[in-house]
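Protein sequences appear in the order of chains A and B. Each residue of the first sequence is one higher than the one before, counting from 1 in this note's numbering. Each residue of the second sequence is one higher than the one before, counting from 1 in this note's numbering.
Calculated from the structure, these hints are not laboratory results. Ideal Cβ positions, reconstructed from N, Cα and C, are used throughout, including at glycine. Treat the hints with care, since some could be wrong.
Derived pair list, reagent style EDC-like, types lysine to aspartate or glutamate, alpha-carbon separation capped at 20 angstroms [unchecked claim]:
#1 A:Lys20 to A:Glu103
#2 B:Lys239 to B:Glu269
#3 A:Lys20 to A:Glu72
#4 B:Lys82 to A:Glu130
#5 B:Lys82 to A:Asp129
#6 B:Lys81 to A:Asp129
#7 B:Lys55 to B:Glu284
#8 B:Lys239 to B:Asp212
#9 B:Lys10 to A:Asp137
#10 B:Lys63 to B:Glu26
#11 B:Lys160 to B:Asp233
#12 B:Lys160 to B:Glu207
#13 A:Lys104 to A:Glu80
#14 B:Lys81 to B:Glu49
#15 B:Lys81 to A:Glu130
Calculated from the model, a selection of chain B residues having no Cβ within reach of chain A, i.e. all distances over 12 angstroms [unchecked claim]:
#16 Arg14
#17 Asp28
#18 Ser74
#19 Thr152
#20 Glu185
#21 Pro232
#22 Asp273
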Amino acid sequence: MTDRDDNSDTVDDHKLRVSKIQDGTVIDHVRAGQALNVLAILGIDGSEGEEVSIGMNVPSDRLARKDIVKVEGRELSQDEVDVLSLIAPDASINIVRDYDVIEKHRVERPDVVTGVLSCPNSGCITTGDEPVTSRFDVLDDGVRCGYCGRIVRDDIPSLIES
Amino acid sequence: MRHDHLITSKQLSRADIETVLDRAAEIDADPSIVGDRHADALLGLLFFEPSTRTKMSFETAMKRLGGDVVDMGSVESSSVKKGETLADTVRVIEGYADALVLRHPKQGAATMACEFVDVPLLNAGDGAGHHPTQTLLDLYTIRENAGLDDLTIGIMGDLKYGRTVHSLAYALTNFDARQHFISPESLQLPREVVYDLHQREGARIREHESLDEILPSLDVLYVTRIQRERFPDENEYQKVAGEYQIDAATLDAASDDLTVMHPLPRVDEIAPDVDETDHAAYFEQAHNGVPVRMALLDLLLRNARGETDD
Chain A
1 MTDRDDNSDT
11 VDDHKLRVSK
21 IQDGTVIDHV
31 RAGQALNVLA
41 ILGIDGSEGE
51 EVSIGMNVPS
61 DRLARKDIVK
71 VEGRELSQDE
81 VDVLSLIAPD
91 ASINIVRDYD
101 VIEKHRVERP
111 DVVTGVLSCP
121 NSGCITTGDE
131 PVTSRFDVLD
141 DGVRCGYCGR
151 IVRDDIPSLI
161 ES
Chain B
1 MRHDHLITSK
11 QLSRADIETV
21 LDRAAEIDAD
31 PSIVGDRHAD
41 ALLGLLFFEP
51 STRTKMSFET
61 AMKRLGGDVV
71 DMGSVESSSV
81 KKGETLADTV
91 RVIEGYADAL
101 VLRHPKQGAA
111 TMACEFVDVP
121 LLNAGDGAGH
131 HPTQTLLDLY
141 TIRENAGLDD
151 LTIGIMGDLK
161 YGRTVHSLAY
171 ALTNFDARQH
181 FISPESLQLP
191 REVVYDLHQR
201 EGARIREHES
211 LDEILPSLDV
221 LYVTRIQRER
231 FPDENEYQKV
241 AGEYQIDAAT
251 LDAASDDLTV
261 MHPLPRVDEI
271 APDVDETDHA
281 AYFEQAHNGV
291 PVRMALLDLL
301 LRNARGETDD
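So here's chain A without its partners, still in its complex pose (with noise of 0.2 angstroms):
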């Protein structure tokens, strides 16, 4: 068994990579190399004082090789989860308190971004200096720009606001 999929790690796991955390956030089951995209698209760069932890290519059941984000201090939002099954759609989500998973579930995909993701038309309305909030439209094998139409359906990380 390689899989940790929630915060229940033991004393004697000898491939702990990843320290456990008393309250917040574990995001499980990320596809590998998507970590550093999870906390993009969540807007987490530590500038607010989150701990964060990281694990990479960890050796996983489900997916051979996973990432692992698990943020302390921080229960992520509906919405906000939601918008991670653009680039994570395997992932799970454990809401940790006092050391417990209190609650999991996995990502389901939204119909609609709003404020994530930016169009990459240039010729789009929303490249510009309007006061404008991105939209995209989820489709099932990508995403569809709300406002010049154009579809993305690779790279949709390298989509995600700065």
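Here the structure of chain A is known, so what remains is to put chain B in place on it, guided by the hints.
Quick look at chain B alone, frame taken from chain A:
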């Protein structure tokens, strides 16, 4: 028809289209039926790109409805030059006018602009995106010449950047139309448009690189200009340019009833000798912009005032 704005032809149902076209036909037959109904109305013209037909036909349409226009003028002489955003511009002009007509080089400009205004806003072209009022006059012309059901139409030229093409293609899915798209590979329909067309019930589309194989079966040939400036390599342009020009001899292979259309301006894609044939409908098409836009403005202005359709 109950729309606050006209942004894309995707929002138009067959019933919406027929309402506008029927009303346009009534106005065309007897312009006095609208009289001075909109004598107190002002239309705001916001053209961030050059325009001749669209701008002047909107202006003519409004004046023939008894109303008037206020015109932002050229970008160079407007506050845009000072860095004003489109969002601010439309909010300002909304205070002057009862409806707005917007042309802008950015795709999605009208979609964004209508989020900032309450008066009706009509998209008169947003970059390579949409041009729904052109589509309505195109449909009016097609209906007059060939009918809109059991229609086989070829759409040829720059399909990639041609906003009139995108809007027409969407609207035709409301009808029994077989759409053939003819272009060099580099100027094929954007994959987003193809995706949309495949999502729309009843869409029947095919893509071609040559007109020859399909010309004899067409009821309508809709030609657009191949935009030389889009090609990264002049040689690549030269390879395809001649293939997408038609002249009277080309049309020998066509049905006697073929209608040739073009949103204009043309450069060399339709030779002048086609003008003298019974096929040519592009000047009629341009003229149809006035009754169609009169009908559209009449409907939207009355909607905005809470008046019901006749």
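Now for the hints, and whether the structure bears them out:
1. A:Lys20 to A:Glu103: Status holds; Cα separation ~16 angstroms.
2. B:Lys239 to B:Glu269: holds, 14 angstroms
3. A:Lys20 to A:Glu72: holds, 9 angstroms
4. B:Lys82 to A:Glu130: Within the cut-off at roughly 14 angstroms; holds.
5. B:Lys82 to A:Asp129: With a Cα-Cα distance of about 13 angstroms, the restraint between Lys82 (chain B) and Asp129 (chain A) holds, given a limit of 20 angstroms.
6. B:Lys81 to A:Asp129: holds, 14 angstroms
7. B:Lys55 to B:Glu284: Since the Cα atoms of Lys55 (chain B) and Glu284 (chain B) sit roughly 17 angstroms apart, the hinted pair holds (cutoff 20 angstroms).
8. B:Lys239 to B:Asp212: holds, 16 angstroms
9. B:Lys10 to A:Asp137: At roughly 16 angstroms apart (the allowed maximum being 20 angstroms), Asp137 (chain A) and Lys10 (chain B) satisfy the hint.
10. B:Lys63 to B:Glu26: Holds, at roughly 17 angstroms.
11. B:Lys160 to B:Asp233: holds, 17 angstroms
12. B:Lys160 to B:Glu207: Holds, because 12 angstroms separates the two Cα atoms, which is no more than 20 angstroms.
13. A:Lys104 to A:Glu80: Holds - the C-alpha atoms of Glu80 (chain A) and Lys104 (chain A) are around 15 angstroms apart, at most 20 angstroms.
14. B:Lys81 to B:Glu49: Judged against 20 angstroms, a Cα distance of about 13 angstroms means the pair holds.
15. B:Lys81 to A:Glu130: Satisfied, since the Cα-Cα distance of roughly 15 angstroms is no more than 20 angstroms.
16. Arg14: holds, 22 angstroms
17. Asp28: Given that every Cβ of chain A is farther than 12 angstroms from that of Asp28 (chain B), nearest at about 33 angstroms, it holds.
18. Ser74: The claim holds: Ser74 (chain B) sits with its nearest Cβ about 19 angstroms from chain A, beyond 12 angstroms.
19. Thr152: At roughly 27 angstroms from the nearest Cβ of chain A, Thr152 (chain B) sits farther out than 12 angstroms, so the non-interface label holds.
20. Glu185: Glu185 (chain B) clear of chain A: closest Cβ-Cβ about 19 angstroms, beyond 12 angstroms.
21. Pro232: Answer for Pro232 (chain B): holds, closest chain A Cβ roughly 16 angstroms.
22. Asp273: holds, 37 angstroms
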